[in-house]
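Which chain is which? The protein sequence lines are H and E, in order.
Heads up: the first sequence begins at 1 in my numbering, then just goes up one per residue.
Heads up: the second sequence begins at 1 in my numbering, then just goes up one per residue.
Worth flagging that the hints you see were computed from the coordinates, not collected in a lab.
Heads up, some of the hints might be wrong.
[What the hints assert, rightly or not] What follows is a set of in silico ranges between Cβ atoms, one per label pair, in the way DEER data are often shown: (1) H:79 <-> E:133: 50 to 60 Å; (2) E:124 <-> H:188: 56 to 66 Å; (3) E:134 <-> H:333: 55 to 65 Å; (4) H:227 <-> E:124: 38 to 48 Å; (5) E:26 <-> H:148: 45 to 55 Å.
[Stated by the list, open to error] Not everything, but these chain E residues come out facing chain H in the computed CB check (under 10 Å): (6) 16; (7) 23; (8) 30; (9) 88; (10) 109; (11) 126.
[Stated by the list, open to error] In silico negatives: residues of chain H with every beta carbon more than 12 Å from chain E: (12) 31; (13) 44; (14) 71; (15) 99; (16) 179; (17) 186; (18) 206; (19) 242; (20) 317; (21) 320.
Remember, it's a predicted structure, so these values are computed and weren't measured experimentally.
Just so you know, even glycine gets a beta-carbon here, dropped at the ideal spot from N, CA and C.
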Amino acid sequence: MNTVNDFRHLQSAHCESGVVSSMLTHHGLPISEPMAFGLANALTFAYLPIIKIGGMPLIAYRMPPRWIISKASRRIGARFVFRKFRDADKGMAALDELLDAGRIVGVQASVYWLPFFPEEMRFHFNAHNLIVYGRDGDDYLISDPVFEEPVRCPRADLRKARFTRGAMAANGLLYYPERIPEAIDYERVIPKAIKANERIMNRSPLPIIGIRGIRYLANNLVKSTRTHDGRRRLPLYLAHIVRMQEEIGTGGAGFRFVYASFLQEAADTLGDDRLAEAAQSLTAAGDGWREFAVHATKVSRRKSEMEVAGLADVLRDCAEREADVWKLLRDYGTHPARTATAS
Amino acid sequence: MDRRETPQDEDSTHAGVRKLLYAVDEQGRYTSVRSAGWEVEATATRTALEEIARQRDDAWQRAHAGQTSPLEVHMHDCRMDLPLLAGAAGLWRWRVRRHFDPGRFARLPRRVLDRYCEALGLDIERLQRVPPREGPEE
Chain H
1 MNTVNDFRHL QSAHCESGVV SSMLTHHGLP ISEPMAFGLA NALTFAYLPI
51 IKIGGMPLIA YRMPPRWIIS KASRRIGARF VFRKFRDADK GMAALDELLD
101 AGRIVGVQAS VYWLPFFPEE MRFHFNAHNL IVYGRDGDDY LISDPVFEEP
151 VRCPRADLRK ARFTRGAMAA NGLLYYPERI PEAIDYERVI PKAIKANERI
201 MNRSPLPIIG IRGIRYLANN LVKSTRTHDG RRRLPLYLAH IVRMQEEIGT
251 GGAGFRFVYA SFLQEAADTL GDDRLAEAAQ SLTAAGDGWR EFAVHATKVS
301 RRKSEMEVAG LADVLRDCAE READVWKLLR DYGTHPARTA TAS
Chain E
1 MDRRETPQDE DSTHAGVRKL LYAVDEQGRY TSVRSAGWEV EATATRTALE
51 EIARQRDDAW QRAHAGQTSP LEVHMHDCRM DLPLLAGAAG LWRWRVRRHF
101 DPGRFARLPR RVLDRYCEAL GLDIERLQRV PPREGPEE
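Excised from the complex, chain E in its bound form (with noise of 0.2 Å):
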């Protein structure tokens, strides 16, 4: 990559943070050079923020309707997967996608709840709510 080319996209994902790269100057030798972003990564990283937001919204339906519990909408809020859930909690996914049952999820002992607590960052009021529509309060 030229040095002159180095991409300096202002509108990025990087919130003002600017990376190093490593691009070649006139007399192609390699130098450091810092950029403010690339709209190319960019894209890429909002493709997979809003397929996360999207199946957060999908929970939250369901959440609402009865068919999930709120720790689906929790694992997606903290932009997690079955598998990372279960790895964070310590837990089997089977043991997890079986407390997507919101029966089941209201009925778990305190130890398990704890766990899920831990892994999300949640306290244990915040856990067994279904959290309000438009994502983690931050």
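Looking at chain H on its own, in the form it has when it is part of the complex (with noise of 0.2 Å):
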């Protein structure tokens, strides 16, 4: 038996950045999660109709998987140890070892075989993480960051769950942090950051990529019911885009509530109100994204007068709230002097 007495579960919304929040905290690094995924410039939309889920066209509102803990890590000047395992009994010894070391460890693993995932949301997702705190006999301690209590899982459920293969597959990848500063210089690395979303939002070279990839999924909503096999399938077309938008793990709105937040504590950080507006005009822009789904989920029920034409006018309303977020923090970070005279 053995426990880490003194690590202390938070709920967050969404899982990796939940992780990194969690693990800095404990460390004596407090970073709320929302800054978390801002620092990482996690926030983007992306319509990637190569990349199928269930033959649906992948539809993400944030950077791939592993993109918040690495780059949110490098941007604070934080370094994380990662190890991958090909055989499954190594990747379990070796988190064995770290927990009796007295270390919390992050590992990935498949939601499907998680058990303490209620039945209705187990689905096939490789990349989902989560904390081990430590291990009683025969069960792993566990602080999932999606959930409101840590919970408790059987060595061979986490073992399953960590090395199934396929798309994503966790090869029972398992970090922890090596070196964490001592602070984090705020006035330099959230301009950078902002920055760096602005160009995934306003500057990408292809046109299914950010504020583009918006009006781009909304013409072929329309496009999509061309077709007889379109129109058949339009009902579960519209959930699955409303399931990546809404269920578990992003906060409400595709992640648009959890960098309006981070925004807004980065102008309280830099007394800067150019953020404060920004961070009020994505609010907007996450509450058309609420709009949509109750307009889609109607629809897609048959509930609806409206038409997917409709539809798609609601979507090319979300990309302009968008753009508006986005012109205000065109130039962010590019003249640091009139940032500073804001403050």
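Build the complex: two chains, separate frames, hints provided.
Given below as structure tokens:
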């Protein structure tokens, strides 16, 4: 029996930013989940028709798995150790060893095989993140950021969840911080992170990424209903979009509220009104996404008079609102003198 | 989103798990709020689950008519599709598709069956049987 007693479980909206926030906080560098998310410039929009999930195109509202942890840690000057394993026994032994040494360990696992997830939430998503903070007999003590309370997981189940094969396979990935800075130089890193995010949203070379990507999806929605099969699959397609946007781990409206919260915290930290204004605009954009989800569900269940063309317009409206946000932040960080006078 | 408008729809697909959302209070300040669930999101989840159930039913009927192997039913039971199963078993998609042929499936060597057992979390006896009508016995 072994437990790490001074670890405090924190609930988060999203697994990866939650793990980063919890781990750094545990090691004496308090950082909120939105701040971790924002400093990783993790907000995006991507419509990726070549990657299929259950036959549907991947629609992402954040950067791909492991982006947040590697980007956020690099930006603040922390260093994490990442380890993957070919052999499951070795992977479990390495986890035990770290736990016995009193560490808390970040682990990537498949949602489907984790028994503490409610039945209806169990889908094959291999890139879920959680913290193992101890063990008790045959059980691991787990702080899963999206749950209210810590949970337990039997050894055999965690092993299966860590070593499932297939897309985004974890390969037993575990990680822990090796070096953590004493403080974060917010004056320097916030502008950098926002600037990087602005580039993703405004200046993507591909029409399927960023604000252009949102408009692309709107057009694609209309186009997809031109075929018989497309019309038949429309309810499923809409449900798919809503799930990507809202289901477990986005903090609402496809991370828009998380990022808005980051902008507000950044505005306070730097005393910058422009960021506060951007936070407000992004909240409005997030509200737009929530409206879209409401309409999409109604259209999907045929409980609305709205046609697909109308739905596409709601989506285009989201794109407009997001464009407003990133217009505000267009040159953010490139003119340090101007931001300094605002504070 | 206004904190006071955070959905608390108990009849959701969260099974009592409250998740964290970010919303603004009366002063426009962001706080984290716990939500019991949102009907809109639950409807989307149910739509996806119904589709899986529909496909499973279809496969089950074909399996009983001898038109497909138990493997396809197990695949749907496990909420997988062809690319997912192929990935989890480490086999090419076209091979997995061939194993939906009942005759071929019955002749599979142990080492291939073991891969499917591992991918689907089943023992070999269950893998080779068409599961009961109602879905995974749990």
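Do the hints match the structure? See the list:
1. Range check, residue 79 of chain H to residue 133 of chain E: about 54 Å between beta-carbon atoms, so the 50 to 60 Å window is met.
2. Between residue 124 of chain E and residue 188 of chain H the Cβ separation comes to about 59 Å, which falls inside the hinted range of 56 to 66 Å.
3. Here the CB-CB span from residue 134 of chain E to residue 333 of chain H is close to 58 Å, well matched to the stated 55 to 65 Å.
4. Hint check: residue 227 of chain H to residue 124 of chain E, Cβ distance near 42 Å, so the stated range 38 to 48 Å holds.
5. Judged by the Cβ atoms, the range 45 to 55 Å given for residue 26 of chain E and residue 148 of chain H is violated: they are separated by roughly 25 Å.
6. For residue 16 of chain E, the suggested interface contact is upheld, since its CB lies about 7 Å from the closest CB of chain H, less than 10 Å.
7. The restraint placing residue 23 of chain E at the interface with chain H holds, with a minimum CB-CB distance near 7 Å, inside the 10 Å limit.
8. With 10 Å as the threshold, the beta carbon of residue 30 of chain E comes within range of chain H, its nearest partner Cβ sitting at about 4 Å, so the hint holds.
9. Checking residue 88 of chain E against chain H: minimum C-beta separation of about 4 Å stays under 10 Å; hint holds.
10. Because the closest C-beta pair between residue 109 of chain E and chain H is about 19 Å apart, greater than 10 Å, the hint is violated.
11. A hinted interface residue such as residue 126 of chain E counts as satisfied when its beta carbon comes closer than 10 Å to some beta carbon of chain H; here the least separation is about 16 Å, so the hint is violated.
12. Residue placement check: residue 31 of chain H keeps its beta carbon more than 12 Å from all beta carbons of chain E (closest about 14 Å).
13. Annotated as non-interface, residue 44 of chain H keeps its C-beta farther than 12 Å from every C-beta of chain E; the closest such distance is 18 Å.
14. Interface exclusion of residue 71 of chain H from chain E stands, the closest Cβ pair being 20 Å apart, more than 12 Å.
15. Every CB of chain E lies more than 12 Å from the CB of residue 99 of chain H, the least distance being 25 Å, so the non-interface label holds.
16. Interface exclusion of residue 179 of chain H from chain E stands, the closest Cβ pair being 29 Å apart, more than 12 Å.
17. Listed as outside the interface, residue 186 of chain H is consistent with that label: its C-beta sits roughly 17 Å from the nearest C-beta of chain E, beyond the 12 Å cut-off.
18. With a least CB separation of 23 Å from chain E, residue 206 of chain H remains clear of the 12 Å interface cut-off, as annotated.
19. Consistency note on residue 242 of chain H: stated as away from chain E, yet its beta-carbon is not over 12 Å from all of that chain's, at 4 Å minimum.
20. The beta carbon of residue 317 of chain H sits about 16 Å from the closest Cβ of chain E, which is more than 12 Å, so the claim that it is off the interface holds.
21. Residue 320 of chain H, annotated as away from the interface, keeps every beta carbon of chain E farther than 12 Å; the closest lies near 19 Å.
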